[in-house]
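Protein chains in written order, with the working numbering: chain V, -17 to 97; chain H, 483 to 597.
No lab work stands behind these hints, which were simulated from the structure alone.
Careful, some of the hints might be misleading.
Quick look at which bits of chain H chain V covers, simulated, 3 or more residues with Cβ under 8 Å [said to hold, decoys possible]:
1. 524 to 537
2. 586 to 594
Derived SDA-like pairs (lysine to any residue); straight-line CA-CA distance at most 20 Å [said to hold, decoys possible]:
3. Lys26(V) with His525(H)
4. Lys531(H) with Leu42(V)
5. Lys26(V) with Gln488(H)
6. Lys553(H) with Pro537(H)
7. Lys26(V) with Leu501(H)
8. Lys(-7)(V) with Lys540(H)
9. Lys592(H) with Val71(V)
10. Lys65(V) with Asn84(V)
11. Lys26(V) with Pro537(H)
12. Lys540(H) with Gln484(H)
13. Lys553(H) with His525(H)
14. Lys26(V) with Gln527(H)
15. Lys531(H) with Val71(V)
16. Lys592(H) with Lys553(H)
17. Lys65(V) with Thr13(V)
Pair ranges (Cβ atoms, derived) [said to hold, decoys possible]:
18. Gly10(V) with Gly523(H): 21 to 31 Å
19. Gly523(H) with Trp4(V): 34 to 44 Å
20. Glu546(H) with Pro43(V): 31 to 41 Å
21. Leu528(H) with Pro43(V): 38 to 48 Å
22. Arg(-2)(V) with Gly504(H): 36 to 46 Å
23. Gln(-1)(V) with Ile596(H): 34 to 44 Å
24. Gly544(H) with Lys65(V): 42 to 52 Å
None of the values given here were measured: they were computed from a predicted structure.
No residue lacks a Cβ here, since even glycine has one placed at the ideal position from N, Cα and C.
As a plain string of letters, each chain reads:
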Amino acid sequence: EAGVAQSPRYKIIEKRQSVAFWCNPISGHATLYWYQQILGQGPKLLIQFQNNGVVDDSQLPKDRFSAERLKGVDSTLKIQPAKLEDSAVYLCASSLVATPYNEQFFGPGTRLTVL
Amino acid sequence: AQSVSQHNHHVILSEAASLELGCNYSYGGTVNLFWYVQYPGQHLQLLLKYFSGDPLVKGIKGFEAEFIKSKFSFNLRKPSVQWSDTAEYFCAVNANSGGYQKVTFGTGTKLQVIP
C-alpha cells in the first residue's frame, strides 16, 4: 500500500513570500491532518479534515494560513505571507476515519525555511 | 485543554541498557494513548497504542508501555535497547474535545544508543 505523499520535500523562501504544500493521503482514508513541527517541539495540529469538510482548525493562523481538500482526497496548505516563525516541518497524516482507534499514517513532511 | 509532557528531552544509553521514557498527560476524561517513533530520515510511525483493557500494552520491536490512570502516565519501556532504537519518541493523547477527537503530541525524547 502506498503511503502518504507530500511535496515538495524542502522549500526555502523569503519572508512575506507565499508557499503551498501538497498532500496525497493513503487511498480510502477519509481523515486528513496537517501538522506543524517546529524544531525541538512535537507536531502541532493545524487542521483536520473529514472527507472535504473541516473538523478542527482551531490552531490554524487563519490570517495567513489556509487549507483545502477538494473532492475529499488531495489537500493543499498555503501560507501567505510567510513569517520567519513559520520555519518548520509541515507534516500531513491520514487515517481511515477520525476515531481514536484508527492509526494516523504520516508522510515524510515538507521542511520550510523562511529567510 | 489536554496537554502532554515528556520530561526527558535527550537520553543516551549503552546497548543492552534498559529504557524508560516518561509521559504524563493532563485531561480529566477518557483518553487514548499512543507512542510514535521517528527513526533518522524516516516518517513518524506508530509504536504502540492503548485504548482500554490491560493497561500494559506491547508494541513493535520489544517496546511496551504501561497506562497508570491514577498518575496520568503512559511510560514507554524496553528491557534491553539496541543501537537501531536510536530515534525520537513522541507520546500522544487522543481525547474528545468539542465533540470530536483531538490528538495532542508531547515535545519528544531523542534517544541515542551507543554501541
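Against the structure, the hints come out as follows:
1. Coverage of the stretch 524 to 537 of chain H by chain V holds in this model, with 6 residues showing a Cβ closer than 8 Å to a Cβ of that chain against a need of three.
2. With 5 residues bearing a CB less than 8 Å from a CB of chain V, the stretch 586 to 594 of chain H meets the requirement of three and the coverage assertion stands.
3. Under the criterion of a C-alpha separation no larger than 20 Å, the hint pairing Lys26(V) with His525(H) is consistent with the structure, at around 16 Å.
4. A threshold of 20 Å between alpha carbons decides the hint, and for Lys531(H) with Leu42(V) the separation of about 27 Å lies outside it, so the pair is violated.
5. Of the supplied pair hints, the one linking Lys26(V) and Gln488(H) holds, its CA atoms being roughly 15 Å apart against a limit of 20 Å.
6. Among the hinted pairs, Lys553(H) with Pro537(H) is consistent with the structure: their alpha-carbon atoms are about 13 Å apart, no more than 20 Å.
7. Proposed proximity of Lys26(V) and Leu501(H) is contradicted: the alpha carbons are some 26 Å apart, above 20 Å.
8. For the hint pairing Lys(-7)(V) with Lys540(H), the CA-to-CA distance comes to about 38 Å; that exceeds 20 Å, so the pair is violated.
9. Proximity of Lys592(H) to Val71(V) is assessed by CA-CA distance (about 17 Å); at most 20 Å being required, the pair is judged to hold.
10. This hinted pair does not check out: Lys65(V) and Asn84(V) have alpha carbons roughly 34 Å apart, beyond 20 Å.
11. Only pairs whose Cα atoms come within 20 Å are accepted, and Lys26(V) paired with Pro537(H) is rejected, the gap being roughly 27 Å.
12. For a cut-off of 20 Å, the pair hint linking Lys540(H) to Gln484(H) is broken: about 24 Å separates their Cα positions.
13. At roughly 30 Å between alpha-carbon atoms, Lys553(H) and His525(H) are farther apart than 20 Å, so this suggested pair is violated.
14. A C-alpha spacing of about 16 Å is found between Lys26(V) and Gln527(H), which places the hinted pair at or below 20 Å, so the restraint holds.
15. Note on Lys531(H) and Val71(V): the hinted pairing is violated, with a Cα-Cα distance of about 24 Å set against a maximum of 20 Å.
16. Taken as a hint, the Lys592(H) and Lys553(H) pair is broken in the structure, with Cα atoms around 23 Å apart against an allowance of 20 Å.
17. As the CA atoms of Lys65(V) and Thr13(V) are separated by approximately 28 Å, the hinted pair breaks the 20 Å bound.
18. Distance hint for Gly10(V) and Gly523(H): a CB-CB separation of about 27 Å, consistent with the stated range 21 to 31 Å.
19. Between Gly523(H) and Trp4(V) the beta carbons are some 21 Å apart, a value that contradicts the proposed interval 34 to 44 Å.
20. Distance hint check for Glu546(H) and Pro43(V): the Cβ-Cβ separation is about 38 Å, which falls inside the suggested range of 31 to 41 Å.
21. Separated by about 28 Å at the C-beta atoms, Leu528(H) and Pro43(V) break the suggested range of 38 to 48 Å.
22. Taking the beta carbon of each, Arg(-2)(V) and Gly504(H) are about 41 Å apart, inside 36 to 46 Å as hinted.
23. Checking the proposed 34 to 44 Å range against Gln(-1)(V) and Ile596(H) shows it holds: the Cβ atoms sit about 43 Å from each other.
24. A beta carbon spacing of about 43 Å between Gly544(H) and Lys65(V) agrees with the range 42 to 52 Å that was offered as a hint.
Checked against the numbered hints listed earlier, the structure breaks hints 4, 7, 8, 10, 11, 12, 13, 15, 16, 17, 19, 21; every other hint is satisfied.
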